[in-house]
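Just need the whole structure built from these sequences, with the hints factored in.
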Amino acid sequence: MAANTPGDYIRHHLQNLTYGRHPDGSWGFAHSAGEAADMGFMAVHVDTLFWSVLLGGLFLWLFRRVAVSISVDEPGRLQSCIEVIVEMVDNSVKETFHGTNPLIAPLALTLFVWVFLMNFMDLIPVDFIPHASYLLGIEYMKVVPTTDVNATFGLAFSVFFLMIYYSIKVKGVGGFFGELAFHPFGKALLPVNLVLELVSLFAKPLSLSLRLFGNLFAGELIFILIAALLPFWAQWTLSVPWAIFHILVITLQAYIFMMLTIVYLSMSHETH
Amino acid sequence: MSINLTLFGQAISLFIFVWFCMKYVWPPIINALHEREKRIADGLAAADAGQDKLVEADQRLVELVDEGKQKANEIIVQAQKRGDEILEEAKHTAREEGERLIEAAHAEIERERTQARDQLRQEVATLALAGAERILMREVDKNAHDKILAGIGADL
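Going down the list, the protein sequences come from chains A and B. Position 224 (the first sequence) corresponds to 224 in our numbering; numbering is contiguous. Position 128 (the second sequence) corresponds to 400 in our numbering; numbering is contiguous.
Hints in this document: simulated from the structure, not taken from any laboratory. Treat the numbers as computed from the prediction; the structure is a model and nothing was measured. Hints may contain errors.
Sample of chain B residues facing chain A (criterion: CB under 7 Å; computed from the structure) [said to hold, decoys possible]:
| # | residue |
| --- | --- |
| 1 | 290 |
| 2 | 301 |
| 3 | 394 |
| 4 | 396 |
With beta-carbon atoms standing in for the labels, derived distance ranges [said to hold, decoys possible]:
| # | chain 1 | residue 1 | chain 2 | residue 2 | range |
| --- | --- | --- | --- | --- | --- |
| 5 | A | 100 | B | 319 | 31 to 37 Å |
| 6 | B | 287 | A | 175 | 21 to 27 Å |
| 7 | B | 312 | A | 175 | 40 to 46 Å |
| 8 | A | 175 | B | 319 | 48 to 54 Å |
| 9 | B | 336 | A | 73 | 34 to 40 Å |
| 10 | A | 238 | B | 280 | 56 to 62 Å |
| 11 | B | 313 | A | 218 | 26 to 32 Å |
| 12 | A | 168 | B | 313 | 35 to 41 Å |
| 13 | B | 280 | A | 234 | 50 to 56 Å |
| 14 | B | 327 | A | 73 | 28 to 34 Å |
Ideal Cβ placement from N, Cα and C applies to all residues, glycine included.
Take a look at the structure:
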């Protein structure tokens, strides 16, 4: 771990473990930030994918376990806890989404729990997992997938894809285009409408993903700064209050991500 | 902050997770929740119905008790009447029996009196005859006077 100066330490902590195509055409891990940047688009953040898939698997494994042994009459503690989450999601969906689409509620549940779990990785002290993996020979390790803009964009653009899909499915291509072209100002100002509506359409996934990314990246950065700049025996004075505050942030961000997804999808199901 | 293939990896993961969730996680849990809601609703409805039935049963109970009381009263009245009748009958029988006994006693007394009188008469006659005999021992022809004495005895 090249942590000679605080600057190096912070830069190192913000670097993903990247596997991709080197400029010379060969595939392999990047051994420095520069090499990773040179790979461009043809690269994969292995740590982001590993942790997100692991956490998603954890979510599905846990919920599936409860779903298999679910009891109507004698819910256990774990089942009650899961039921609270499911009921919260179900109520949010029912309040906001008035159509009948069997995809929305499971999608909302998956997003909420998955994003929450990915955010939760932020509360694990910043050096625990990276240092352990460094000892195992892995050079870079970013454990909070939602501090990777790829992860949040991946989620937001999947939602965006679903928005477009359902808009066209419910309203037809003409209906969808009409909404974009004839909206705020009527048919006379079609180009203006189109620009305005397209901007607002694309602003949705961007704001969805950047809000989550920004919050978590900033939170993670502050943990890293605390770890980089304070001596080890004094770090808790700042990192503990920040972590406690962050419990609120990670839950809220997961909830906001879920709610906005439901709202956007409900908008694409409704005709004006 | 480079955008790269991770984006697609993340998107694919999301679709697989959502598919799995929609197929294997969401339905059992939400069905159980709905089932429980239904059971609670049914239970409350059953409790309401039970309450209604209880009120009904209370009314019926009051009715039955009233009816029972009335019937009991009737039975008591009837029993009293029957008792009076039996008493009356018994009194009547007893009176008749008493009268019969008194009559029988009277008859017995009468019979004994007659008997005693007959006996007494006989004895008086015998005594009188004996007295007369002693007085008139020699002068009287026993045979002649026996007839008279027998006649007196019959008269007495």
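Just to be sure I understand the hint, the distance between the Cβ atoms of residue 312 of chain B and residue 175 of chain A should be within 40 to 46 Å; is that true here? holds, 42 Å
Notebook entry, point to check: Does the Cβ distance between residue 336 of chain B and residue 73 of chain A fall inside 34 to 40 Å?
Noted result: 38 Å Cβ-Cβ, so the 34 to 40 Å window holds.
Query raised in the report: Is 31 to 37 Å a correct range for the gap between the Cβ atoms of residue 100 of chain A and residue 319 of chain B?
Result: With Cβ atoms ~33 Å apart, the hint holds.
Starting from the range 48 to 54 Å, see whether the pair residue 175 of chain A and residue 319 of chain B falls in it by beta-carbon distance. Holds, at about 50 Å.
Does the nearest C-beta of chain A fall within a distance shorter than 7 Å of the C-beta of residue 396 of chain B? Violated: closest Cβ of chain A sits about 120 Å from residue 396 of chain B, beyond 7 Å.
- prompt: That 50 to 56 Å hint for residue 280 of chain B and residue 234 of chain A (C-beta), does it hold up?
  reply: violated, 43 Å
task: Mind checking the hinted window 56 to 62 Å against the Cβ distance between residue 238 of chain A and residue 280 of chain B?
output: violated, 38 Å
Holds or violated: the 26 to 32 Å window for the beta-carbon distance between residue 313 of chain B and residue 218 of chain A?
violated, 47 Å
Does residue 290 of chain B pass the interface hint, meaning its C-beta sits closer than 7 Å to a C-beta of chain A? holds, 5 Å
Honestly, do residue 168 of chain A and residue 313 of chain B meet the 35 to 41 Å range at C-beta? holds, 40 Å
Do the beta carbons of residue 287 of chain B and residue 175 of chain A sit within 21 to 27 Å of each other?
-> holds, 25 Å
query = Would the stated hint for residue 394 of chain B survive a check requiring a Cβ distance to chain A of less than 7 Å?
reply = Status violated, d = 117 Å.
In terms of the numbered hints stated before, the structure departs from hints 3, 4, 10, 11 and 13, listed from lowest to highest.
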